[in-house]
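Take the sequences, apply the hints, and build the full model.
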Amino acid sequence: MPTNAKTKQIRDRILKVFADRVVEKGLKATTMRSVAHAAELGRAEIYRYFPTRTAILSAYYHDHMVTCIDNLKRVDEFNAYSLQEKLQLFIESCLEAFLADREFVDRSFGAVFFPCGFNGHSVQAIREVFEQFVDTVFQAAIATGEMPPQVYQGVIYRFFWDYYRAVVVYWLRDTSEQFQNTTVLLDKSLELFCTVLQAGLVNKSHDLGVHLIKTHLLKSFGFMQATMAGIGSIKRNLFGE
Amino acid sequence: MSEPYDNLPMSNWQRGKVSGKTAARLCGHALKYWSRKPFRADERQIASKEEFNRHSAQILFKGLSLLRGTALKICQQLCFEFEFFPAAIRAELEKSYNQVPPINRALVRKILFNAFGASPEHIFRHFDSKAFAAASLGQVHVAEAQDGRQLAVKIQYPGIRQTIKNDLGLFRSFLRPLPDYPAIHKALAEIETVLIEETDYVREAERMQFFGSHLRLPEITVPAVDSRTSCETVLSMHFIEGATLNAWLKTNPSRQARDTVAALLNKLFLKSLYELNVIHADPNPGNFIIRKDLSVGLVDFGCVKRLKKSFIDDCRLLPYTAYQNDKDGYIRLLKKLNVFKKQVDPVLETHIYDTAYRFGQWYAGFYREDVFDYHANKDYIQIGRDLTTEIYQFRRHIDLNPDFIFLDRTRYGLMRIFEQLGARVRFRNRWEWPV
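Residue numbers (this note's numbering), protein chains in the order written: chain A, 21 to 261; chain B, 239 to 673.
FYI, nobody ran anything at the bench for these hints, they're computed from the structure.
Each hint should be verified, as a subset may be incorrect.
Said to hold, decoys possible - Residues from chain B shown here face chain A by an in silico Cβ test under 10 angstroms; the list is partial:
(1) I341
(2) S357
(3) H364
(4) Q400
(5) T401
Note that the Cβ used here is the ideal one computed from N, Cα and C, for glycine as well.
Next comes the structure, spelled out in structure tokens:
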């Protein structure tokens, strides 16, 4: 077996064992040592794959997101889907893939996606993959004329990232049959989100803001500058240079 | 298939806002009516109540038409039951019959995944993710089964049953101030049963299989169910080539062709009623697929009604009894069918009997000639509609058997189709007419 394949196999085994241990014992009680033991690895060997528990956690979610995005490429006519359909299918695919490990996701999602203190970097890699995908989808929508180029693109991506996290949390609390409430929420909210983007509402709000700033705020700024210059001139006359 | 869905309130808070506004307006209107009631002369009471009902219906329609989807469908059903909706509003309601929110491609995949645990490309050899027709509370896609057979796959919006229940709850709150609420409440319960049944595809598949195996009319095709790809929320059936009745009519078919189709639809109704004792109770033009050889494909078995044999035996005598001008016999039959309440003022009773008999006479008019020509009698249906409105005025003294309502509604729907076709129809038949 090639080394790379073997490495991947062990890595996947660690992730699986880790998920099982978290479900059984909880996140806090799952130690590197116990995971190594359950994965039939030496105490030190596990550190060759993951330096910390947090690294295992973020690897799980990172792999999950990469797999979901790869799977979308196999969907018939995915490129012909509308912006809403692409985003909706992406999030639905993520939730479907979470289904088998729902208990694990319930126990660990907050720790990875709502980090505090030193763990903040753990989510960065996942977020990069996420934003890269969203960017591809947005650029495709702009290229086909489905929506205008957006100002504050970074803010919109950030908003969509927060939206994704909120949907997963909602799904984890959803007790309706086959999580229908999440499906409907996703459908309705994404329709609203995409309508706002397609209508260029953000751009128009930006234009309005710029107009107000230019005509009122900057005008006052000019007045202030003139006043300051006047005061300066009086000072110079009174006290000299 | 679908009309634009702009301005359709989708989120719960939007729907709640629309509902709240409508409820507030209805309550205000009811308060106005009840506060003035004690000061009105007796003779003005009835007129004022009618006016109140009409105005309430307008408020209700304005508010709920914004919600569309299931709420509108309930509104439409109520409109058939209660004539207090003004004619203009009734026409609007009929136009918007299939305005349910469309289901996008991502959601279609999700629905199929929820139903079968697999993506469409694994369930079917090919699946067209764009819908080709609207169904009641859902939509229909074309697919190719793994064995190569063409399928029509009907799917429904997730959680549609819960939406029906929520919307009916809203209706109950809105309509509570109306003086006719007890009757409306009963109708709403019936509507709830019908709508919930319409969303139960397992039941619908059973009904299709029943009609398919028992109807035995070579000119009528009932699509076979593909049970491997059907469940409670997805119904796959063999695809029937052809055009819906409305689309077919747009191709300007000949008079003879229209007569042939009308005769077939009539035959279908009579045979299901008198031989199977089960009727396809949704004679919507979209449910009849007309094929090139003028045979008819029958689809959408969401609303099917089984009737008691004794009830059908009494019903079959109605047209001939009215035709023979046997008023006593006709009234006797209606009493046997439990149409009238027992204790009614004698003067009012005579009035009710007269109106009911006039309706019977009108109905017998279809049988008077060997063939009834809808094209030559364009106003005939309108006369019947006016008589129904007259009968409706006695609604407090008439306790209509629910089976009678279903049968009447189905017959009326069929009459409307014949009227649309402008066809010549032979109404006299071996079940209702002595040889």
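Here's how the hints hold up against the structure:
no., hint, in the structure
1, I341, "holds, 8 angstroms"
2, S357, "holds, 7 angstroms"
3, H364, "holds, 9 angstroms"
4, Q400, "holds, 8 angstroms"
5, T401, "holds, 9 angstroms"
The structure shown violates none of the earlier numbered hints.
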